[in-house]
Amino acid sequence: MNAFRAAVLAIAVFCAAGLMIGAGPARADIAIDVDQANLQPMPLAIPDFAGSPVGAQIAQVITADLDGTGYFRALAPATYPAVALSVGVQPPFDPWRSVGAQGLLVGQVSTGADGRLNVDFRLWDVYAGQQLLATRLTATPDSWRTIAHQIADAVYEKLTGEKGYFDTRVVFVAESGSRTRKITRLAIMDQDGANPSYLTDGSTMVFSPRFSAKRQEITYMVLRPTGSSIYLKNLDTGREEVLGHFRGMTMAPRFSPDDSKVAFAAERNGMTDIYVMNLTNHTTRRLTSDLAIDTSPSFSPDGSQIVFNSDRDGSPQLYVMNADGSDAHRISFGSGRYTAPVWSPTGGLIAFVKQQGEVFDIGVMNPDGSGERILASSYFADEPCWSPNGRVIMFERKVVSGPSRLWTVDVSGHFLRQTPYPMAGSDPAWSPLLH
Amino acid sequence: MSTADLHGRDSRVPALIAAAALHAGLLALVIFYPAPAAMLPIGSSVPINIVSSAQLAAARAAVEAPRVQTAAAPAPIPAAPPQPPAAEPAPPAFSPAPARRQAAAPASRPSVQPQPQAADHFNFNRLLKDIGSSRRAGGPAASSAQRGAARLETSPSPRVGAGVALTQADQQALAGLIQQYWHPACGVPGAESLFIKVAMRLAPDGHATSVDLGGLDRSADPVKAAAAIRARAAAYAFAPRVPSHLFGELFTITFDSKRACASG
Numbered sequence: 001m002n003a004f005r006a007a008v009l010a011i012a013v014f015c016a017a018g019l020m021i022g023a024g025p026a027r028a029d030i031a032i033d034v035d036q037a038n039l040q041p042m043p044l045a046i047p048d049f050a051g052s053p054v055g056a057q058i059a060q061v062i063t064a065d066l067d068g069t070g071y072f073r074a075l076a077p078a079t080y081p082a083v084a085l086s087v088g089v090q091p092p093f094d095p096w097r098s099v100g101a102q103g104l105l106v107g108q109v110s111t112g113a114d115g116r117l118n119v120d121f122r123l124w125d126v127y128a129g130q131q132l133l134a135t136r137l138t139a140t141p142d143s144w145r146t147i148a149h150q151i152a153d154a155v156y157e158k159l160t161g162e163k164g165y166f167d168t169r170v171v172f173v174a175e176s177g178s179r180t181r182k183i184t185r186l187a188i189m190d191q192d193g194a195n196p197s198y199l200t201d202g203s204t205m206v207f208s209p210r211f212s213a214k215r216q217e218i219t220y221m222v223l224r225p226t227g228s229s230i231y232l233k234n235l236d237t238g239r240e241e242v243l244g245h246f247r248g249m250t251m252a253p254r255f256s257p258d259d260s261k262v263a264f265a266a267e268r269n270g271m272t273d274i275y276v277m278n279l280t281n282h283t284t285r286r287l288t289s290d291l292a293i294d295t296s297p298s299f300s301p302d303g304s305q306i307v308f309n310s311d312r313d314g315s316p317q318l319y320v321m322n323a324d325g326s327d328a329h330r331i332s333f334g335s336g337r338y339t340a341p342v343w344s345p346t347g348g349l350i351a352f353v354k355q356q357g358e359v360f361d362i363g364v365m366n367p368d369g370s371g372e373r374i375l376a377s378s379y380f381a382d383e384p385c386w387s388p389n390g391r392v393i394m395f396e397r398k399v400v401s402g403p404s405r406l407w408t409v410d411v412s413g414h415f416l417r418q419t420p421y422p423m424a425g426s427d428p429a430w431s432p433l434l435h
Numbered sequence: 001m002s003t004a005d006l007h008g009r010d011s012r013v014p015a016l017i018a019a020a021a022l023h024a025g026l027l028a029l030v031i032f033y034p035a036p037a038a039m040l041p042i043g044s045s046v047p048i049n050i051v052s053s054a055q056l057a058a059a060r061a062a063v064e065a066p067r068v069q070t071a072a073a074p075a076p077i078p079a080a081p082p083q084p085p086a087a088e089p090a091p092p093a094f095s096p097a098p099a100r101r102q103a104a105a106p107a108s109r110p111s112v113q114p115q116p117q118a119a120d121h122f123n124f125n126r127l128l129k130d131i132g133s134s135r136r137a138g139g140p141a142a143s144s145a146q147r148g149a150a151r152l153e154t155s156p157s158p159r160v161g162a163g164v165a166l167t168q169a170d171q172q173a174l175a176g177l178i179q180q181y182w183h184p185a186c187g188v189p190g191a192e193s194l195f196i197k198v199a200m201r202l203a204p205d206g207h208a209t210s211v212d213l214g215g216l217d218r219s220a221d222p223v224k225a226a227a228a229i230r231a232r233a234a235a236y237a238f239a240p241r242v243p244s245h246l247f248g249e250l251f252t253i254t255f256d257s258k259r260a261c262a263s264g
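Just so you know, the sequences run in chain order A and B. The numbering used here numbers the first residue of the first sequence as 1 and each following residue consecutively. The numbering used here numbers the first residue of the second sequence as 1 and each following residue consecutively.
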């Protein structure tokens, strides 16, 4: 018996050893650390949406939106492979891989029985061969641009993780007339310059429109011989109310992040200081009180702090204080004059204008003043404002002498471009997302 | 014609010239005067266009409509099981693999894999040259066999998997291949400090059988999910370029967004 057990044991050991030998060395994965990247924009293919002539226009708007972000590069349609696409069928991926597309947006336009436009789209990860988005948008036919912007927002968010900014509007001051008889009108347009229209008739001088952080509501300032007034206007209803009349000049009213307050600068008794008005009871509180000129207040996204501009140290510089006016401290120390600070919606940066000699720069810095970067230099630049996701800054700019135009630059400073709005404009303010 | 008439005609000439000049001036004014800016519509309110949305049903697989997919395509889609795409951007032209590598391959694995592409032999030196990596010291050595023991000394932890040894330079070369397809969203808050680990298994024929992101692509944090999607795309794009002697292996790829974005 013992001999039998010994034999079985020997066979078992032999088999186990054989199995181990057969298995070879212990398998280990191949580890690769990738700490460099292709920092060029991700290549996307956005063929014309099928089903309607408006499909090509939708694709063009999406392409223009995504191309301007710096994150995406729409491939030239001439490079597209000649393959049939249908929104209901998984596309063949190899032809798209061969042209270098990492993402493929396929869309289809149809008209419903009620006359409304149905736009189906799918975003495909070309290399993984997987679907990333699949959505139908429905709206009236005249809303095709809005649909296109919303698709661009969806693609942007899926592939970056942050909200887009394409289905938004910009309110600004449209300028016309001669230099001595300038006519200013409050105007509004889509962020890409489409659908411009006036909100005022030009009979009064308007300045400093500012969007609410959450609502389709703006503040702006009207200057008359008797003084200045701050207005609050709801863009959906057209309802307008006067927040206050001031004998002297008021400047740059700006909402708090929760829309409960408006901060502004006002001149009283020869001194220009910063005030905050409670929009519920219209009570006003003074936050700064010194002989210097304090202007351009802008809340931090959490509402706890305000960045502003002051010449209290001899030249215009940027300062940050608590929202109650305490602990004001200087954050800009570079050479030049710093003005028009605006806190980004994400809180990480403050945009500003810097004048050095005859050059005007648009720049950004961290809220503690560190990390200053110049994004664009111009003959003249002023009034930066942020897109709602903090990715792009719009501002007024003169390349040479002449009327101001509206320009955008992304926070990397790589993508500087003039908005398609064809006329003179200044003082832009960006709306929150419309959807 | 009397002298008086002549004098009379002479006296009208300046007036005629002046009249002509006046008309010409008026005409020029009409032509060249800047047209007033086009007036935009004025409205007191700006209504929002209402757009409703709904999820689409799943797309049919491409094979369900083979005629539509293949009829117009210049390069027919292979109906066979997935293979490394034949029409990828030109990979580096690999020279025959070094002898040591082939000798080191386990007996259970075929020494020559049937491959759809001819250019799948691995030459790290050529590869490094192609991708323009500047991190490697360089030199004429084309394989770890030629480098011999010196390579092991410079590679503190050579990877051994199923008989495949990769030096640090080899790993860097592979990393250089992947990075061509990795587009991190530098500048997006939160995206610049992510480490994304991707586990990718290659089948014996070289195609990626699985790419595991540990669920990061389904993260509730959209920034992490988007970063995972971008890393996954890079891994899939890399798979067809893996040299054949590494087919069947499990790759663990770590994408370091912090260093990658800082380098830009």
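If you are wondering where the hints come from, they were derived from the structure by calculation, not from laboratory data. There may be inaccurate statements among the hints.
As the list claims (entries may be wrong) - Ranges of calculated distance between the beta carbons of each label pair, as one might list FRET restraints: (1) A:S401 with B:A21: 49 to 59 angstroms; (2) A:D302 with B:K197: 27 to 37 angstroms; (3) B:H23 with A:T140: 48 to 58 angstroms; (4) B:H23 with A:V242: 29 to 39 angstroms; (5) B:G215 with A:D290: 48 to 58 angstroms; (6) B:G214 with A:S304: 54 to 64 angstroms; (7) A:S412 with B:G215: 28 to 38 angstroms.
Said to hold, decoys possible - The calculated SDA-like cross-link candidates involving lysine to any residue, where the alpha carbons are at most 20 angstroms apart (straight line), are: (8) A:K158 with B:I42; (9) B:K258 with A:S412; (10) B:K224 with B:P189; (11) A:K163 with B:A220; (12) B:K258 with A:H435; (13) B:K224 with A:Q131; (14) B:K197 with A:A128; (15) A:K163 with A:A128; (16) B:K258 with A:G68; (17) B:K197 with A:D29; (18) A:K158 with B:K224; (19) A:K158 with B:G214; (20) A:K163 with B:T167; (21) A:K158 with B:R259; (22) A:K158 with B:V46; (23) A:K163 with A:H435; (24) A:K182 with A:S412; (25) A:K163 with B:L216; (26) A:K158 with B:A58; (27) B:K224 with A:D35; (28) A:K163 with A:T135; (29) A:K163 with B:K197; (30) A:K398 with A:Y421; (31) A:K398 with B:A59; (32) A:K214 with A:L232; (33) B:K224 with A:R417; (34) A:K158 with B:S52; (35) A:K158 with A:G68; (36) A:K214 with B:A20; (37) A:K398 with A:R417; (38) B:K258 with A:A31; (39) A:K182 with B:I42; (40) A:K158 with B:D221.
All C-beta atoms in this analysis are idealised placements derived from N, C-alpha and C, irrespective of residue type, glycine included.
Right, here's what the structure says about each hint:
A hinted range of 49 to 59 angstroms is violated for the C-beta pair S401 of chain A and A21 of chain B, which are about 32 angstroms apart. Judged by the Cβ atoms, the range 27 to 37 angstroms given for D302 of chain A and K197 of chain B holds: they are separated by roughly 33 angstroms. Hint check: H23 of chain B to T140 of chain A, Cβ distance near 53 angstroms, so the stated range 48 to 58 angstroms holds. Between H23 of chain B and V242 of chain A, the C-beta spacing of about 53 angstroms breaks the proposed range 29 to 39 angstroms.
The supplied range of 48 to 58 angstroms is met by G215 of chain B and D290 of chain A, whose beta-carbon atoms lie about 56 angstroms from each other. Distance hint for G214 of chain B and S304 of chain A: a CB-CB separation of about 36 angstroms, inconsistent with the stated range 54 to 64 angstroms. At roughly 31 angstroms, the beta carbons of S412 of chain A and G215 of chain B sit within the given window of 28 to 38 angstroms. Note on K158 of chain A and I42 of chain B: the hinted pairing is violated, with a Cα-Cα distance of about 37 angstroms set against a maximum of 20 angstroms.
Proximity of K258 of chain B to S412 of chain A is assessed by CA-CA distance (about 16 angstroms); at most 20 angstroms being required, the pair is judged to hold. Distance restraint check for K224 of chain B and P189 of chain B: the Cα-Cα separation of roughly 11 angstroms lies within the 20 angstroms cut-off, and the hinted pair is therefore satisfied. Between K163 of chain A and A220 of chain B the alpha-carbon distance is near 14 angstroms, which keeps this suggested pair within the 20 angstroms criterion. Proximity of K258 of chain B to H435 of chain A is assessed by CA-CA distance (about 32 angstroms); at most 20 angstroms being required, the pair is judged violated.
Between K224 of chain B and Q131 of chain A, the direct Cα distance comes to roughly 18 angstroms. Compliance with the 20 angstroms bound is thereby established for this hinted pair. Our distance criterion of 20 angstroms between C-alpha atoms is met by K197 of chain B and A128 of chain A, whose separation comes to about 16 angstroms. Taken as a hint, the K163 of chain A and A128 of chain A pair is broken in the structure, with Cα atoms around 24 angstroms apart against an allowance of 20 angstroms. Straight-line distance between C-alpha atoms of K258 of chain B and G68 of chain A comes to about 24 angstroms, which puts the hinted pair past the 20 angstroms bound.
At roughly 13 angstroms between alpha-carbon atoms, K197 of chain B and D29 of chain A fall within 20 angstroms of each other, so this suggested pair holds. For the hint pairing K158 of chain A with K224 of chain B, the CA-to-CA distance comes to about 10 angstroms; that is within 20 angstroms, so the pair holds. Under the criterion of a C-alpha separation no larger than 20 angstroms, the hint pairing K158 of chain A with G214 of chain B is consistent with the structure, at around 18 angstroms. Distance restraint check for K163 of chain A and T167 of chain B: the Cα-Cα separation of roughly 42 angstroms exceeds the 20 angstroms cut-off, and the hinted pair is therefore not satisfied.
With a CA separation close to 23 angstroms, the supplied pair K158 of chain A and R259 of chain B exceeds the 20 angstroms bound. As the CA atoms of K158 of chain A and V46 of chain B are separated by approximately 29 angstroms, the hinted pair breaks the 20 angstroms bound. Of the pairs offered as hints, the one joining K163 of chain A and H435 of chain A holds, with about 11 angstroms between alpha carbons and a cut-off of 20 angstroms not exceeded. In summary, the hint linking K182 of chain A to S412 of chain A is not supported, as the alpha carbons are separated by about 35 angstroms, beyond the 20 angstroms threshold.
Distance check on the hinted pair: K163 of chain A and L216 of chain B sit about 19 angstroms apart at the alpha-carbon level, within 20 angstroms; holds. For the hint linking K158 of chain A to A58 of chain B, the alpha-carbon distance of about 18 angstroms falls within 20 angstroms, and the restraint holds. Our distance criterion of 20 angstroms between C-alpha atoms is met by K224 of chain B and D35 of chain A, whose separation comes to about 17 angstroms. Note on K163 of chain A and T135 of chain A: the hinted pairing holds, with a Cα-Cα distance of about 17 angstroms set against a maximum of 20 angstroms.
A hinted pair counts as satisfied when its Cα atoms are at most 20 angstroms apart, and K163 of chain A with K197 of chain B does not qualify at roughly 25 angstroms. Simply put, K398 of chain A and Y421 of chain A have alpha-carbon atoms about 14 angstroms apart, close enough for the 20 angstroms limit, and the pair holds. Distance hint between K398 of chain A and A59 of chain B is unfulfilled; the C-alpha atoms sit about 50 angstroms from each other, more than 20 angstroms. For the given pair, K214 of chain A sits about 14 angstroms from L232 of chain A by alpha-carbon distance, which is consistent with the 20 angstroms threshold.
A hinted pair counts as satisfied when its Cα atoms are at most 20 angstroms apart, and K224 of chain B with R417 of chain A does not qualify at roughly 30 angstroms. In summary, the hint linking K158 of chain A to S52 of chain B is supported, as the alpha carbons are separated by about 19 angstroms, within the 20 angstroms threshold. Restraint check for K158 of chain A and G68 of chain A: satisfied, since their Cα atoms lie roughly 17 angstroms apart, inside the 20 angstroms limit. Our distance criterion of 20 angstroms between C-alpha atoms is broken by K214 of chain A and A20 of chain B, whose separation comes to about 64 angstroms.
Simply put, K398 of chain A and R417 of chain A have alpha-carbon atoms about 12 angstroms apart, close enough for the 20 angstroms limit, and the pair holds. About 18 angstroms separates the Cα atoms of K258 of chain B and A31 of chain A, which keeps this hinted pair within 20 angstroms; it holds. This hinted pair checks out: K182 of chain A and I42 of chain B have alpha carbons roughly 18 angstroms apart, not beyond 20 angstroms. Of the pairs offered as hints, the one joining K158 of chain A and D221 of chain B holds, with about 11 angstroms between alpha carbons and a cut-off of 20 angstroms not exceeded.
Of the numbered hints stated above, those contradicted by the structure are hints 1, 4, 6, 8, 12, 15, 16, 20, 21, 22, 24, 29, 31, 33, 36, listed in ascending order.
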